[in-house]
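Novice: Here is what each chain is made of, one letter per residue.
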Amino acid sequence: MSRSLFGRLSLLMVVLFLVASAILLKLADSNNENYSRLVQQSLHRDLAQRMIADNDLLKSGRIDQTALANTFHSLMLLGPAYEIYTLDRLGNILVYSAEPGQVRSTRVELAPIRRFLAGEGFPLLGDDPRDADRHEIFSVAPVLAADGSLRGYLYVILHSQQQTALERTFVWKGLQYQARNVALVALTLTVLMLVLLSLQLTRPLRALSLSMTRLREQGFREGYAMPAAALPGWASSEVLQIHRSFSELMQSLDAQFKHIQDEERLRRKLLSHITHDLKTPLAALRGYLETWQLLHAGAAGHDYIAVAQRNSAQLDILVDQLVELARLEGGVETLRVEPIAIAELAQDVLSKFALRAAQVGVTLQVSPRDPGLMVHADIGKMERILTNLIDNAIRHTPPGGSVSIELSRVPDSATLLVKVRDTGCGIAPDDIERIFEPNFRGNHGSEDSALHLGLGLAIVRRLLELHDTSVRAVSEPGAGSSFEFGIALATGWMSRPGTNAA
Amino acid sequence: MTIVVVEDRLDIANLVRINIEMLGHAVVVCHTVGSAQRVVDEDRCSLLVLDLGLPDGDGIDFCARLRAQGRTFPILMLTARTSELERVIGLETGADDYLVKPFSVLELQARIKALLRRTAIQSAAPVRARIEFDRLAIDVSRREVLHDGRTIELTSTEFDLLVFLARHPGEVFDRTRLLSEVWGHHHEGYEHTVNSHINRLRSKLETDPANPRYVRTVWGVGYKFVAEAL
Chain A
3 MSRSLFGRLS LLMVVLFLVA SAILLKLADS NNENYSRLVQ QSLHRDLAQR
53 MIADNDLLKS GRIDQTALAN TFHSLMLLGP AYEIYTLDRL GNILVYSAEP
103 GQVRSTRVEL APIRRFLAGE GFPLLGDDPR DADRHEIFSV APVLAADGSL
153 RGYLYVILHS QQQTALERTF VWKGLQYQAR NVALVALTLT VLMLVLLSLQ
203 LTRPLRALSL SMTRLREQGF REGYAMPAAA LPGWASSEVL QIHRSFSELM
253 QSLDAQFKHI QDEERLRRKL LSHITHDLKT PLAALRGYLE TWQLLHAGAA
303 GHDYIAVAQR NSAQLDILVD QLVELARLEG GVETLRVEPI AIAELAQDVL
353 SKFALRAAQV GVTLQVSPRD PGLMVHADIG KMERILTNLI DNAIRHTPPG
403 GSVSIELSRV PDSATLLVKV RDTGCGIAPD DIERIFEPNF RGNHGSEDSA
453 LHLGLGLAIV RRLLELHDTS VRAVSEPGAG SSFEFGIALA TGWMSRPGTN
503 AA
Chain B
10 MTIVVVEDRL DIANLVRINI EMLGHAVVVC HTVGSAQRVV DEDRCSLLVL
60 DLGLPDGDGI DFCARLRAQG RTFPILMLTA RTSELERVIG LETGADDYLV
110 KPFSVLELQA RIKALLRRTA IQSAAPVRAR IEFDRLAIDV SRREVLHDGR
160 TIELTSTEFD LLVFLARHPG EVFDRTRLLS EVWGHHHEGY EHTVNSHINR
210 LRSKLETDPA NPRYVRTVWG VGYKFVAEAL
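If you read the protein sequences in the order shown, they are chains A and B. Per the working numbering, the first sequence starts with residue 3, numbered consecutively. Per the working numbering, the second sequence starts with residue 10, numbered consecutively.
No wet-lab data here; the hints were simulated from the structure. Warning: the hint list may mix true and false statements.
Lysine-lysine pairs mimicking DSS-like chemistry, simulated, CA-CA at most 27 Å apart [to be verified]:
1. A:28 / A:175
2. B:122 / A:354
3. B:233 / A:354
Here's a subset of chain A near chain B, in silico, CB distances under 7 Å, partners left out [unchecked claim]:
4. 78
5. 205
6. 208
7. 275
8. 277
9. 279
10. 282
11. 292
12. 318
13. 350
14. 370
15. 373
16. 381
17. 382
These numbers come from a predicted model, not from an experiment. Glycine is no exception: its CB is placed at the ideal position from the N, C-alpha and C atoms.
Bound conformation, chain A alone (with noise of 0.2 Å):
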């Protein structure tokens, strides 16, 4: 069953004028068939009248049965649509000339034979003694005796059962003939029809549902210029109103795409001029101490000044990553997929970190070590991932213990969970929900922790969320912490068994 408006209208449309068609036809056939009678019977008013004058027995009123009955026969074969019998004074038939069993009924109604008399309007039906269901047009006349006293009537019917069963077998060509012009014609205007409607409705409206179409498939990004010239003139008032109204929504969201666009652009700007702002004069904090230390080691107030520059340095770290996570935040950052290879980037994060870990006695690893094992992620920003995760670790482990990295493939998934695990001091367990909050200040155990303000897990968080994945932190206070995050495999890549390590 079509869906479209056009193939439904042009069902529907086809179906009404077929019906309209079979209405009209039957309309007419009974109009044609009263007319018919009344042209006849008018033209045979007189018949009987007539038949009467010219019978020498019936003028005189009188009606001997034989003779009456031969006459009948007779003038039936000249006119073989008439059927005459003679009625009494009561109606009751008299005389007739017919076949055994072709005349059923005994008596006509009078009131029809009154009504002719009394000159009503034609056509008038009266029985039809051949057939009690049915009613025929006649003529009547009254058979007078000498005295002028009424002796019955002569009665004709004009539309005899021969006639009937005649027309019966030529109705059927008539009306196919009949029928299939009134097809033909119906058809045409059915063509008509629907080429107006098409015009008129279907096309515009089609025109405009494909317009809608493609803008959605270009995701409503592009800017949207309806074609003016896409609509004929002659479109209905109520397509054009939508068409315009169309219009009108595509330019308010195409404005308030730019708008927004421009948002955040201008966003950006402030950004960038904010990082701008803040960086130089801690760069000239940060130079000028660091220099000062290098031209004058050892001097007095040397000890102030170290202090002074740790702090700048760690005031740089911070600006970064405030600056970093409003960057997150403001949803700037765009992600640049690749395969990568996960276990190598661990090691050379670890390796950022050797000299630091081997400072503070605490051993790194990463493990499986397969240079073959591939992953779907941002690299630049995967390594940010590892580099915060690895610090925090480092940074909450005592001298003599270790931080490690785990990768494992989670069992009927294409993910691999990474795991990285430290020996340290481990989270209290009403921590471990907000250490990702951007805030949040816990027991740290190595001297910065004045300094340290705990955006990097925050900021790793983020960076996840943005590979459509999350992180967790699974800890036991003493014992030490892991934080683990799934990320997706790359297929195609997938590593034998039996690792590369040259």
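Could you slot chain B onto chain A? The hints should help.
Specialist: Just chain B, lined up with the frame of chain A:
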């Protein structure tokens, strides 16, 4: 050897000047692109320290212009983080190294020393035009790589990386070293690009990238190029 510093903020300009003078070099400080161009035109510049946020022009454009003018002295750019830096590195505008503000002055000194040293070395080193191994042939001048007779399509950077590694077969380099040698800068935040390019190189060069034969990982140390066929 005169080093030209282009920086409009007095404090930073002085900071840089003091630290370079500590190294024993003469320094000329300019506060605008215009004055810097004049000094360069006088042929007095052996190294340029260029800040990008200058009042009368875009530092990146200035750098590109200098290269177009045929100036080959090393250029060290000072940038603020994020978008600016990405743009700079992405465009490969011809700067030799980048330092992000705020920087450590020791780092500044080290980079300048390295840049001056590199200029000296580069002019002396002979360049081999073709490097050939058992199944691998690298034509440096035509920038083509053939493996088993089949040409391999490499990007410019992937090619440079392969050439550098192939020129030192068996020698292990960590990311920082590769970054400095192949990309020409030290920027810490961009070491991951080395990983990225190693992966891509392997995927194009190796028959089985998961078990590479040529570009191998030395676990915990770095990467090396192995010449012998297995």
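Novice: Give a verdict on every hint.
Specialist: Results for each hint:
Straight-line distance between C-alpha atoms of residue 28 (chain A) and residue 175 (chain A) comes to about 15 Å, which keeps the hinted pair within the 27 Å bound. Pair hint residue 122 (chain B) plus residue 354 (chain A) holds up; C-alpha atoms about 23 Å apart against a cutoff of 27 Å. The hinted pair formed by residue 233 (chain B) and residue 354 (chain A) meets the criterion: a straight-line CA distance of about 18 Å does not exceed 27 Å. Because the closest C-beta pair between residue 78 (chain A) and chain B is about 109 Å apart, greater than 7 Å, the hint is violated.
The criterion of a C-beta within 7 Å of any C-beta in chain B is not met by residue 205 (chain A), whose closest approach is roughly 50 Å, and the hint is violated. The closest approach between the C-beta of residue 208 (chain A) and any C-beta of chain B is roughly 46 Å, which is over the 7 Å cut-off, so the hint fails. Nearest Cβ of chain B to the Cβ of residue 275 (chain A): about 10 Å, over the 7 Å cut. The hint is violated. Taking 7 Å as the C-beta contact cut-off toward chain B, the hint placing residue 277 (chain A) at the interface holds, the least distance being around 5 Å.
Taking 7 Å as the C-beta cut-off, the interface hint given for residue 279 (chain A) is violated, the closest approach to chain B being about 9 Å. Below 7 Å, beta-carbon pairs count as interface contacts, and residue 282 (chain A) has one with chain B at about 6 Å; its hint therefore holds. The criterion of a C-beta within 7 Å of any C-beta in chain B is met by residue 292 (chain A), whose closest approach is roughly 4 Å, and the hint holds. The interface hint given for residue 318 (chain A) is met, as the beta carbon of that residue sits about 5 Å from the closest beta carbon of chain B, less than 7 Å.
Among the interface hints, the one on residue 350 (chain A) holds; its C-beta lies about 6 Å from the nearest C-beta in chain B, closer than the 7 Å criterion. For residue 370 (chain A), the interface hint is violated, since its Cβ never comes within 7 Å of a Cβ in chain B; the closest pair sits about 11 Å apart. A least Cβ separation of about 5 Å between residue 373 (chain A) and chain B falls short of the 7 Å threshold, and the interface hint therefore holds. Look at residue 381 (chain A): its Cβ gets to within about 5 Å of chain B, closer than 7 Å, so that hint holds up.
Taken as an interface hint, residue 382 (chain A) checks out: its beta carbon lies about 5 Å from the nearest beta carbon of chain B, inside 7 Å.
Consistency note: the structure conflicts with the earlier hints numbered 4, 5, 6, 7, 9 and 14.
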